[in-house]
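Novice: Line order of the protein sequences matches chains A and B. In case it helps, the working numbering puts the first sequence at residues 1 to 231. In case it helps, the working numbering puts the second sequence at residues 1 to 231.
Hints were generated in silico from the structure; no laboratory data involved. Some clues are possibly wrong.
Same chains, same label: a pair holds when it works inside one copy or across any pair of copies.
[Said to hold, decoys possible] DSS-like, lysine-lysine: derived pairs with alpha carbons at most 27 Å apart:
(1) K146 x K162
(2) K127 x K83
(3) K163 x K42
(4) K66 x K162
2 protein chains.
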Amino acid sequence: MPNAFFVERVEEKRLIFDEIEAHHMKVVRVKPGDELVATDGKGTLYEFVLQELSKNYSVGRMLSKKVFHHDDRTVIVSVASMKWLRLRLILEKSTELGADRIEIFNCERTVARVDQRKVEKFRRIVKEAAKQSVNPFLPEVVIHEKLPRFNSDDLNIFLDFKKESISTLQEKIRGSNVVRIIVGPEGGFTKEEIREMQQDSISVSLGSRILRTETAVIASLSFVNFSIGRM
Amino acid sequence: MPNAFFVERVEEKRLIFDEIEAHHMKVVRVKPGDELVATDGKGTLYEFVLQELSKNYSVGRMLSKKVFHHDDRTVIVSVASMKWLRLRLILEKSTELGADRIEIFNCERTVARVDQRKVEKFRRIVKEAAKQSVNPFLPEVVIHEKLPRFNSDDLNIFLDFKKESISTLQEKIRGSNVVRIIVGPEGGFTKEEIREMQQDSISVSLGSRILRTETAVIASLSFVNFSIGRM
Numbered sequence: 001m002p003n004a005f006f007v008e009r010v011e012e013k014r015l016i017f018d019e020i021e022a023h024h025m026k027v028v029r030v031k032p033g034d035e036l037v038a039t040d041g042k043g044t045l046y047e048f049v050l051q052e053l054s055k056n057y058s059v060g061r062m063l064s065k066k067v068f069h070h071d072d073r074t075v076i077v078s079v080a081s082m083k084w085l086r087l088r089l090i091l092e093k094s095t096e097l098g099a100d101r102i103e104i105f106n107c108e109r110t111v112a113r114v115d116q117r118k119v120e121k122f123r124r125i126v127k128e129a130a131k132q133s134v135n136p137f138l139p140e141v142v143i144h145e146k147l148p149r150f151n152s153d154d155l156n157i158f159l160d161f162k163k164e165s166i167s168t169l170q171e172k173i174r175g176s177n178v179v180r181i182i183v184g185p186e187g188g189f190t191k192e193e194i195r196e197m198q199q200d201s202i203s204v205s206l207g208s209r210i211l212r213t214e215t216a217v218i219a220s221l222s223f224v225n226f227s228i229g230r231m
Numbered sequence: 001m002p003n004a005f006f007v008e009r010v011e012e013k014r015l016i017f018d019e020i021e022a023h024h025m026k027v028v029r030v031k032p033g034d035e036l037v038a039t040d041g042k043g044t045l046y047e048f049v050l051q052e053l054s055k056n057y058s059v060g061r062m063l064s065k066k067v068f069h070h071d072d073r074t075v076i077v078s079v080a081s082m083k084w085l086r087l088r089l090i091l092e093k094s095t096e097l098g099a100d101r102i103e104i105f106n107c108e109r110t111v112a113r114v115d116q117r118k119v120e121k122f123r124r125i126v127k128e129a130a131k132q133s134v135n136p137f138l139p140e141v142v143i144h145e146k147l148p149r150f151n152s153d154d155l156n157i158f159l160d161f162k163k164e165s166i167s168t169l170q171e172k173i174r175g176s177n178v179v180r181i182i183v184g185p186e187g188g189f190t191k192e193e194i195r196e197m198q199q200d201s202i203s204v205s206l207g208s209r210i211l212r213t214e215t216a217v218i219a220s221l222s223f224v225n226f227s228i229g230r231m
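Using the sequences provided together with the hints, build the complete structure.
Specialist: Next up, the structure:
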């Protein structure tokens, strides 16, 4: 059962939901009269009573409205494409933890490559995760068909498990408007790619143990969240 | 493929592995002559060459030995029993992140109850996770058949998602020898249980979003690790 539904538009006290959300409401067996939560994905949460539920849309009456203000930072998770189950976990967990943008890119050792046709599939996963975790800010999803050059004005943190601890970056994280966590492919970046990346990013470790990709993303995103007061 | 195997005993330069590990070596198709890693679960990592692999045991020749020193703290994850797939994730992720002890307990609203007969099953999962993540310290696994009274000398942190952020506890965490992260059952603790727990524990939140149990465990354990310099 999702903990929130995505509202398509709000007209005065009426919340209008599209066909997909109406279908979802039927699947999880909510009924007119039920009190539910909705979000617009842009920072507003609504409590509402479901009034009408039909095949193509549904309508609710607003009970309350709460607007969340976003801090002026952007936290990005930028990962090499990988096998679907792990990629899906990364999309879900990054959304749960409030990342603002998720970038997926191909690189030399990518086994399961992505192209723009996948973006809608990825956005659906992110939307479901936002509904489940009641994240009022829907993360943006971007696909890069090759390893992008990361903006050198951003703080780009590459998890390579070898260098100094990420905890040495706390002050830099606090002082940055854009923080990007970069995770390589399962087989690792090539030497050439690492050389290129090192121009704009800082390599860090998450301790001596080998973490699975989703664990590394959750741990480092939590660290960033704690550092900037988001958690 | 595990990244390390559990050695049963070490005689000079010879590493002896039991039947279970020998079987595991066969399953993952390692062969005599392969260079591998082993741990005793008590802080030592060995590099070795596999020499003999038979049905009931296997033998390796030590190449190097590295002893890790444990800091003088104990980090405990203490969770209400829950459905197997989530419980398994918690056992795995807590081991990956180097928890020293994992306690599983029953309480009023526990759906899937545990008793001592489950402890071997849980230990197997923890052992597999330690092998996969090359954690040289095997966490202890303890089952409590009812909600235990937590030692009031420990810092007991209860994740209830409502109170102040866990980040307010950083100094307390740094000053504590034993830190325990407590996670309730899916349906939540009863009012009575919360009243009892509040005598010895501090309630904290992990932010406004709803985190799945395993995400909450990873995030809070990472925070403790960062706070005490383990990550």
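Novice: It remains to establish, for every hint, whether it holds in the given structure.
Specialist: Each hint, compared with the structure:
no.: 1; hint: K146 x K162; in the structure: within (24 Å within a copy, 42 Å between copies)
no.: 2; hint: K127 x K83; in the structure: both (20 Å within a copy, 25 Å between copies)
no.: 3; hint: K163 x K42; in the structure: between (37 Å within a copy, 25 Å between copies)
no.: 4; hint: K66 x K162; in the structure: between (44 Å within a copy, 17 Å between copies)
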